[in-house]
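Participant: Given the coordinates of chain A, assemble chain B onto it according to the supplied hints.
Here's the letter readout for the chains.
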Amino acid sequence: MAETIFEKNGTRLTVILEGRLDTLSASVLEKKMQQHLDGIREVIMDFEKVEYLSSSALRVLLATEQLTKTRGGGVKLLHVNERIMEIFNLVGFLDVVEVVPD
Amino acid sequence: MKRRNTTPKFIARKTVLFTVIGCVVLGLASLLVGLQMHRDSLLEASMRVNRMTAARAAVVAQKAADTVGLAGDVMGVYRNLTPEQRSRTGTEEYRQHFRALESAGSPGGTSAVLTYKLRNYAQDVSALYLCALDREGNALVCLADTDEENPMYPGDWFEIPAEWTEQIAKEKKGDWSGGSTLVFYLDVQGEDRMCIAVFPVADESNEDEDDPSRNIAFVISELSVNSVLEEGNQYVLKVSIVMLILTVLIAFAMGVRMKRTVADPVNTIANAARNYVQDRKNGVARSDHFSALGIRTGDELEHLTDTMTEMERDLIEHEEHITRITAEKERMGAELDLARQIQEGALPNAVPDRPEFSLSATMTPARQVGGDFYDYFMIDGDHLGLVIADVSGKGIPAALFMMVSKALIRNQLLSGCDPAAALERANLQLSEGNASFTFVTVWLAVVELSTGKGLACNAGHENPALRRAGEGFNLLQYKHDTVMGVMKNAKYRTHEFELCHGDCLFVYTDGVPEANNAAKEMFGEKRLLETLNENPGAEPEELIRKVREAVDCFAGGAPQFDDITMLCFEYKRGL
Chain A
1 MAETIFEKNG
11 TRLTVILEGR
21 LDTLSASVLE
31 KKMQQHLDGI
41 REVIMDFEKV
51 EYLSSSALRV
61 LLATEQLTKT
71 RGGGVKLLHV
81 NERIMEIFNL
91 VGFLDVVEVV
101 PD
Chain B
103 MKRRNTTPKF
113 IARKTVLFTV
123 IGCVVLGLAS
133 LLVGLQMHRD
143 SLLEASMRVN
153 RMTAARAAVV
163 AQKAADTVGL
173 AGDVMGVYRN
183 LTPEQRSRTG
193 TEEYRQHFRA
203 LESAGSPGGT
213 SAVLTYKLRN
223 YAQDVSALYL
233 CALDREGNAL
243 VCLADTDEEN
253 PMYPGDWFEI
263 PAEWTEQIAK
273 EKKGDWSGGS
283 TLVFYLDVQG
293 EDRMCIAVFP
303 VADESNEDED
313 DPSRNIAFVI
323 SELSVNSVLE
333 EGNQYVLKVS
343 IVMLILTVLI
353 AFAMGVRMKR
363 TVADPVNTIA
373 NAARNYVQDR
383 KNGVARSDHF
393 SALGIRTGDE
403 LEHLTDTMTE
413 MERDLIEHEE
423 HITRITAEKE
433 RMGAELDLAR
443 QIQEGALPNA
453 VPDRPEFSLS
463 ATMTPARQVG
473 GDFYDYFMID
483 GDHLGLVIAD
493 VSGKGIPAAL
503 FMMVSKALIR
513 NQLLSGCDPA
523 AALERANLQL
533 SEGNASFTFV
543 TVWLAVVELS
553 TGKGLACNAG
563 HENPALRRAG
573 EGFNLLQYKH
583 DTVMGVMKNA
593 KYRTHEFELC
603 HGDCLFVYTD
613 GVPEANNAAK
623 EMFGEKRLLE
633 TLNENPGAEP
643 EELIRKVREA
653 VDCFAGGAPQ
663 FDDITMLCFE
673 YKRGL
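Protein chains in written order, with the numbering used here: chain A, 1 to 102; chain B, 103 to 677.
Hints listed in this document are in silico derivations from the structure and should not be mistaken for laboratory results.
From the three backbone atoms N, C-alpha and C, an ideal C-beta is built for every residue, glycine too.
On the chain A side, residues computed to face chain B include the following (Cβ under 8 Å):
#, residue
1, T23
2, S56
3, L58
4, R59
5, L62
6, A63
7, L90
8, V91
9, G92
10, D95
11, V96
Listed next, the stretches of chain B that the computed footprint assigns to chain A, with coverage defined by at least 3 CB atoms under 8 Å from CB atoms of chain A:
#, segment
12, 494-501
13, 530-541
14, 552-566
15, 582-591
Here chain B stands alone, though its shape is the one from the complex:
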């Protein structure tokens, strides 16, 4: 029945596993979700920062420096350059053209001032610079650039990238003319996304607001999205690692806790149960297998332990009870055996040795003691008394009544009175103090042996079977008187009969016709007669044996339901 002797360790393992899996899944899910949300908000924030940077820079350029003048100066020089000269943008030679300009060249010039002031805003973005627009050349001409490593110089120009123009058109964000600001995203070579914000700086002295050339310069702010995301990713990664470590720690902590609070107590209880069984087998008397565990967790486990403790006590009580009952039962069994001996002893054994008759009788109780009896005795030298009786019920109550009624009837008959009077007197005594309404059916006869004449009484008993010499058995049918023991003043009648040589009387109790088999069928009077008539001339002992066999055979394995009693008397006149 035991598959293994080791204590199972599954709850703790399962808990750890499931907690880890659960937390990891939860962690990953929240990570990804958080990452995505973070990314999105980061991008939005970056766009805003970029716009604001450009906007503030534009205000600075507008109010805090002479941008108009600078733009005018630079564009003036620029326009006068030949295309060939312009193509050398970025070189020292090219820049010389513009250094001469006070506004653009000198350290205190407008360009320098702007560059200095704009640098305040440049930390949050990747690039921040101020340009003028060369509409015909579709180019932007630098006026100031906050880049510190490799800045553009005033006059340096670059063609407006086609991607910008495309993106602007795609997003319908407006254009370089007019007062609108431009903010758009670019995918630069598929590697990075640039967020570009463009804010115009206007010549306020030009009152024509619809004049496209009112905007004399543009602040351009560039922000690399990747760089922003990269920062964010770093942050999230750090957080994730910390969370993962925490998760694993928590998982193990939970596993340990589960083991301690659930798995271990359960195993302890299981072991206690096993010990209980072992101890019982080995006869060790302990009653505290479960209470000794001292489990006081205040939860279902304590409840379980308490319940097991109760159950253990209950079982022990039950065992003691059973032991007492078994001892009692054995004692009663011994008493019943003795009672059976007494009852057997009370029934007559030796048949009076007379040539006038042969006689056989048998009584088989359904339980250890029964309520049937038979009796035969010489009343005087010429008269034989025969009795057969059946007390209602079975077992001890019937047996007690049986002993009394047998004694009363015998005494009355022995005192010499006629059978009816004997029954009436016996009945009176039986009826007194019979609160249980136990009754007894009785058939008796007194036979005058010299003549074969007899007197019979029937107090509610089965019809006797009679065989005249040379014939078969038949039931004698006549009206019976009532049973004995209940009706104090019952009256009984005597029937006269005469037996001839070879006549045979067979009397029995209802245990014979009412014997049943497994199919609840009854043996019946018909089968009784058939059995008797198989060999009607047989001796009484033989007849009784045959009926007994027939009943046993008929009943099969079914238990004997009622006491079975038979008495058979054959008259042989004077030979």
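In isolation and in its complexed conformation, chain A is listed as follows:
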């Protein structure tokens, strides 16, 4: 899996993901997110280069959403492709996280 890019800007964190987010890469992502989440209220995740999303990755999304929500912010998802939208639809995520339309 390619490197995830983290950009910090005040209380906003932008995360650019790439490749297949399977179980292993999801746990790597989780650790990295934990390192970067200090003082962050808003997280923007760019899904343009994401091919596939496993349930473990969904878990990480959920965890991030819950954490930022308690700080009065939330998670926004960008450039989500059709396949991943289907997954979000299926698991009812669209009620939980905000998907920014292209």
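Facilitator: Chain B in isolation, oriented as in the chain A frame:
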């Protein structure tokens, strides 16, 4: 792997060889160079000695004896001799002419005195004698000769050799007239080189310095170059032999030293390494193969030994570590096997024996334990509960969550509340203390067996496939509610449906559509439907088997990535 069992002996041999070769080459080179330099300086020194001998002898002849008188006397007699008489030079008869001269003949005469005095200087040269010059005859007439074996007598004469004249002309060194001294080299018959120095003795009473006949006599000093060189060569040869012997001795000493300080320790270390391997194979427990060598040379070899000792200890520690880990792993493996049995036991086995339906289900975890489950149970005499669920992740964490969620959902449904309320209550409990944000997708249904009417809920789970009697399978698409376990206050909706005789529901977890092959392609819902529709009228057990086969076939050798679970329910109204 071992090419020979003997200890190699190459460093010592190589060292000896190279030292000998190196020293011999060095020795020869310095020998030749030294020889040449020595030769050159020897020649120069000899020339100087020769000149100085002649010069000193000339001073003696000039100051310490009546050379003028002697020359005058001898030349006087000489000039009066006939050519015929002169041709007998060297004979006793010839010499008699001159013996009569007091200066030349008597023991105390000038010639004798000169000879005696000049002998002091004669040791350093091959020949030293005093001559007068017969210009017209181009001859030198002896006045005194220091040679002790076969001296020339006063009056003995010899023609000035042509080689001398040639050499003098070649070297432009001056000539017999005038005040210059002559020093030149001669090659006598190609065998030897003679260094010849000629110093004039002058008649000081003659004040005309340009008068050629002012020089009344010449001291001639001859030095054989070969004899000089011969002496030098002897000396150098002796030195060379000594040096060669020393060289060979030093070479062997170096070879021995190399062997002792490098080759032997290296071989010792190599042997220790071999012993280490052997001991390990034979199970001998030793940890000091290298430290026992006691190599304390204070150089790289000691460093090597120390490093090997460290490495040995490290390896032993590592081995112990691995042994512990393997034991631990075996223990965990045994625990996991047990866990798998527990999980398998928790899933319902016997299908309720009712004519209204037939039912089949299967769960294959990706690891020893999984996070998927299915459940079916009679809620009361007329209602059947069906559940299929997928916990996020795989393995032990998912399995733990799976056991809890299955129990909660079943209990809620068994307590009689409607499916949505059951999910909401179960969700509340699951969400508490769920710090890991593990969630579970759930599809459940409650079917009224007498009528075929049912209520279903979908908490983020895969779309079910439905086959109406006589038709093919299609996916039911509708909006799902969110997953369970994370959002405490999530709300769930119930969907009503009705089954007719011969209708069939097929539910599954995402391990089926997301199964991948080596090319990272996914099985997909399309292939699932195709497989089901090959023989849509088949029994649930058969349908599940076919899908299982199709997934296995598609995946090829690729490892199972996710838990694969399926449940198939066919309704048969009241027959």
